[in-house]
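The residues making up each chain are set out below.
There are 6 protein chains.
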Amino acid sequence: MSERIKDFHEFRNKMNERILERGNLEIKRFFALDKNAYKTGALTAETKELLGLVASLVLRCNDCITYHLVRCVELGISDEQIYEAYNIGLVVGGSIVIPHLRQAVARMDEIRSQNQD
Amino acid sequence: MSERIKDFHEFRNKMNERILERGNLEIKRFFALDKNAYKTGALTAETKELLGLVASLVLRCNDCITYHLVRCVELGISDEQIYEAYNIGLVVGGSIVIPHLRQAVARMDEIRSQNQD
Amino acid sequence: MSERIKDFHEFRNKMNERILERGNLEIKRFFALDKNAYKTGALTAETKELLGLVASLVLRCNDCITYHLVRCVELGISDEQIYEAYNIGLVVGGSIVIPHLRQAVARMDEIRSQNQD
Amino acid sequence: MSERIKDFHEFRNKMNERILERGNLEIKRFFALDKNAYKTGALTAETKELLGLVASLVLRCNDCITYHLVRCVELGISDEQIYEAYNIGLVVGGSIVIPHLRQAVARMDEIRSQNQD
Amino acid sequence: MSERIKDFHEFRNKMNERILERGNLEIKRFFALDKNAYKTGALTAETKELLGLVASLVLRCNDCITYHLVRCVELGISDEQIYEAYNIGLVVGGSIVIPHLRQAVARMDEIRSQNQD
Amino acid sequence: MSERIKDFHEFRNKMNERILERGNLEIKRFFALDKNAYKTGALTAETKELLGLVASLVLRCNDCITYHLVRCVELGISDEQIYEAYNIGLVVGGSIVIPHLRQAVARMDEIRSQNQD
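Listed in order, the protein sequences are those of chains P, R, C, Z, F and Y.
Counting from 10, one number per residue, gives the positions in the first sequence under our numbering.
Counting from 10, one number per residue, gives the positions in the second sequence under our numbering.
Counting from 10, one number per residue, gives the positions in the third sequence under our numbering.
Counting from 10, one number per residue, gives the positions in the fourth sequence under our numbering.
Counting from 10, one number per residue, gives the positions in the fifth sequence under our numbering.
Counting from 10, one number per residue, gives the positions in the sixth sequence under our numbering.
Just to be clear, a hint being listed does not mean it is correct.
Since the list gives no way to pick out one identical chain from another, each pair is judged satisfied if it fits inside one copy or across any two copies.
[Claimed, not checked] The calculated DSSO-like cross-link candidates involving lysine-lysine, where the alpha carbons are at most 30 Å apart (straight line), are:
1. K48 x K15
2. K44 x K23
3. K15 x K44
4. K48 x K37
The hints are simulated quantities; they were obtained by calculation from the structure and are not laboratory data.
Chain P with its partners taken away, still in its complex shape (with noise of 0.2 Å):
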């Protein structure tokens, strides 16, 4: 099983029970607002959880895009549907992009390979 894939869930999971215990009520309720963001509604959550993933790939955020690819893996969103999502991050977002589109890639091969467990 991957272990930085591991490593990325515990860090972050830890961290979120952290911030949220300290029971600043404003903080909890962003937290709430975006957990709630990627629920089916008049969107599906497949798409949602694309809208999520090209959002984190122009803001260049590499923790948001291994999250986002972790739920579209969930989620049963394939490859070649990622790669479009990919290449529309790429063109808005610009070569700046591509080494977080790396990244996304070698998180990817961790992602299937945990599954495989």
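Following the hints, put chains R, C, Z, F and Y in place on chain P, whose structure we already have.
Structure of chains R, C, Z, F and Y alone, referenced to chain P:
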């Protein structure tokens, strides 16, 4: 008919022509890639326009938002779907996105009224 | 009385109403979080407006800068304090911030003259 | 003579004076650093203006782009050279740069026509 | 004592020295402006560090966040105050700020534990 | 020989291959445009690498900075010229660029030492 949307298209088309007629082959190729990125493939054109819309929101580009809204209306994407995309742009990009959301709502009024003429 | 500041408020209020009346609950909640973030707590409202002002400067959003300047004047923050905040925004964000600093100074004239009416 | 470029310079000069006369020494020093950065040294003034132009394109600041275009024309940089710089800005920064490219081409027309008066 | 914070300071100090010893006068002057921006004036050093912290959060720079957190602790700014500043950074900058918030909380643990040695 | 620069190239080359072998034609075309943008034309390859370097600095992408520094050294661009480019990136992009400047100086040491092997 809405003047501002008409002005937007006129300036956009005129300047695109100017840029392309200059004959820098690389820039022409980039414009072609930009156009192709939104065509139906493994993802539908509808999903791709929403990806372009959210990327434009979080990167805070009014002209890009207007362009994708025009296309979303042409493709029959509903207001409910657009507002859910707005919400993802808002949560990912933060309150700094709000002024662009106000512009988006104002432009959408013009786009809808233009289509009724 | 300054027309531009009046126009700014009218457009802002009208569009906020439009966005909120649409009834997307998540967007309403985000707007509430945005409003609450600047209320006095462990930090004073004055400090929080300055935090909003500098964040808006480095993210280069003219509308957000104008809004926080209006609030800074309402809270009695002095010009000397605002210029020191400008300086931090300038040093952190670089010369790309300067055009927004010019807008800020022009808007501040209107805000001050409006308040003398 | 182009009104918009004239307006641009008038507003820019008037507001720079306003900012500098306020006497915040640190801001004055920053403005001096900004001016000095483009003087001939180990790199020519021409190369430095192109560096400023591309930085302004990828950071998407219309006023900064206009300023560097005025300087590029004063220094005799050719259209072919400027278009190759545009292309680098476009490839690095992505399609989000295109609306600023359209503005740049429109401003350049005014700059050239102004110089013929 | 925390190794990571120690490493952060060592790399930071060593590289700053390297940059400054190269003798590019303009870069030296920029570093001086950066240092001066946070000194008590019309605003307190405490307020200025919080301005630097929120600017660093919304621009999403981990090293800058760590530096301002070290200074906030040295100046006796409370956790409650820092969390309210985090909240403004989160609301203004959006969920893309969250991974940097997680880093900030992890770094703060090290800063506090280092100070207890 | 520097391990980190070697690792950088290995990961970069391996992942570029992975991305290109997937066969999304649009992404392949984007990579070709990216490569072509830096070839000698109306501007020299040297000027173009410096344009890429400054764009990477103000957009704050360490991998992109490293890549352009490797190319700058291959093209014989002097340290004095690179530091003047750094200064423009610093003035335009602000103190938020400084952590990337520190990385750039550390990477440059490795590039120079690698070339002496």
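For this session: Could you tell me which of the numbered hints above are not met by this structure, giving the numbers in increasing order?
Result: none
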